[in-house]
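Visitor: Residue numbers (our numbering), protein chains in the order written: chain A, 8 to 262; chain B, 30 to 86.
Hints listed in this document are in silico derivations from the structure and should not be mistaken for laboratory results.
Please note that a few of the clues may not be correct.
Claimed, not checked - Simulated crosslink set (BS3-like; lysine-lysine; CA at most 30 angstroms straight-line):
no. : chain 1 : residue 1 : chain 2 : residue 2
1   : A       : K175      : A       : K101
2   : A       : K96       : A       : K252
3   : A       : K201      : A       : K220
4   : A       : K103      : B       : K49
5   : A       : K96       : A       : K201
6   : B       : K49       : A       : K252
7   : A       : K256      : A       : K18
8   : A       : K256      : B       : K49
9   : B       : K49       : A       : K57
10  : A       : K18       : A       : K96
11  : A       : K95       : B       : K49
12  : A       : K252      : A       : K103
13  : A       : K103      : A       : K201
14  : A       : K175      : A       : K57
15  : A       : K52       : A       : K175
16  : A       : K220      : A       : K103
17  : A       : K253      : B       : K49
18  : A       : K201      : A       : K18
As the list claims (entries may be wrong) - Pairwise CB distance ranges (calculated):
no. : chain 1 : residue 1 : chain 2 : residue 2 : range
19  : B       : L34       : A       : L188      : 32 to 38 angstroms
20  : B       : M31       : A       : W34       : 38 to 44 angstroms
21  : B       : V38       : A       : A195      : 18 to 24 angstroms
Just so you know, these numbers come straight off a predicted model, no measurement behind them.
Built from N, CA and C at the ideal position, the CB exists for glycine as well.
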Amino acid sequence: MNLNLLFELTKRDFADRYSGSILGRLWVFLWPLINMAVYMVVFAKVMGAKLPGSTYAHGYGVYLMAGLIPWTAFSQTIARTSTVFLDKKPLISKVKMSLPTLPLYIVLSESIVFFVSLLIYIVFLLVSGVGLGQSFVFVPLIFLAQQIFAYALGFLVATLQVFIRDLKEVVGVIIFIWFWLNPIVYVAAILPEKIQSILVYNPSYWFIDAYQKIFIYQQAPNFTHLVYLVVLGHVILGVSYVLFKKLEKDVRDFL
Amino acid sequence: MMLYLVSVVPLVVLYLLGIKLLVSQVQWAYRGLLLIGFNGLCLSLAFGLGSLLWEAP
């Protein structure tokens, strides 16, 4: 896919998202802002939730957002990529294009939303005195690894979904369950030791934990886990690519 | 940290050159696999360097 088409599809994606609304693309900024404000107020002021080991009033809200922002980008990328061939059926049948690179506009679109949310989150961290550590430089790389993993899973499901339509619902259920297998709302330390030892085999934990280490504890991420994430993401992407190449003719015929 | 940043810059340059070369020169039907492999290798190297050099003085 050429870059012009990629940018055009991304632009159209944003236009479709907020079509008919008065504030239009301003919602890209408003949504994360509202989201963050609600979580901070509800957890810090209303529920009085505290992050274990932290005396900071908004500690729990900051912890929650450190996991929730990347998780939203990750889950949205998988969910939207997995239906991309069916959603873009009219376009695919009219324009000759490379299907493996078609989902890239979703990755780009979700990345823009992620970086806007991250920007707001960072402003909050700086204003509230939490600050940022040097390990922050790894955030773009971690995000890239996470999005490649999401793209790989989404692309695999998108290919299969052309033949098995029920997969859309299955993906929704899996993402919902997967969310609760990550220490985003809760802290990993409260889990029994046996569960904690299983948790390290969850690929999404590898990047969620990295963000939490960077933003909450201002430490370097676990690099071994990140290399695992990169390897797993690329292996799944390679398998998805080969599978798609084998089924490409059938995929186009079914569409 | 500085050592890490200094080592990553040539890696990024090599990465961009490698991708450009693969896209322009390789005509194999499965060249996407080479791009995926090369991308994975570079990203793993970036994290591997992080593990080796981040804490280095």
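Visitor: Each hint: holds or not?
Guide: To see whether the hints hold, each was checked on the structure:
1. A:K175 / A:K101: 24 angstroms, holds
2. A:K96 / A:K252: 18 angstroms, holds
3. A:K201 / A:K220: With Cα atoms ~22 angstroms apart, A:K201 and A:K220 stay inside 30 angstroms; holds.
4. A:K103 / B:K49: Status holds; Cα separation ~23 angstroms.
5. A:K96 / A:K201: Roughly 46 angstroms between the alpha carbons, so the hint for A:K96 and A:K201 is violated.
6. B:K49 / A:K252: With Cα atoms ~22 angstroms apart, B:K49 and A:K252 stay inside 30 angstroms; holds.
7. A:K256 / A:K18: 29 angstroms, holds
8. A:K256 / B:K49: 28 angstroms, holds
9. B:K49 / A:K57: Distance ~50 angstroms between B:K49 and A:K57 Cα, so the pair is violated.
10. A:K18 / A:K96: 18 angstroms, holds
11. A:K95 / B:K49: 29 angstroms, holds
12. A:K252 / A:K103: 16 angstroms, holds
13. A:K103 / A:K201: Roughly 52 angstroms between the alpha carbons, so the hint for A:K103 and A:K201 is violated.
14. A:K175 / A:K57: Cα-Cα ~37 angstroms, so violated.
15. A:K52 / A:K175: Judged against 30 angstroms, a Cα distance of about 38 angstroms means the pair is violated.
16. A:K220 / A:K103: 44 angstroms, violated
17. A:K253 / B:K49: Roughly 26 angstroms between the alpha carbons, so the hint for A:K253 and B:K49 holds.
18. A:K201 / A:K18: With a Cα-Cα distance of about 46 angstroms, the restraint between A:K201 and A:K18 is violated, given a limit of 30 angstroms.
19. B:L34 / A:L188: 32 to 38 angstroms: The hinted range 32 to 38 angstroms holds for B:L34 and A:L188, with Cβ atoms some 34 angstroms apart.
20. B:M31 / A:W34: 38 to 44 angstroms: Distance hint for B:M31, A:W34 holds at roughly 40 angstroms.
21. B:V38 / A:A195: 18 to 24 angstroms: Cβ of B:V38 to Cβ of A:A195: about 35 angstroms, so the range 18 to 24 angstroms is violated.
When the structure is compared with the earlier hints, violations turn up for hints 5, 9, 13, 14, 15, 16, 18, 21 and for no others.
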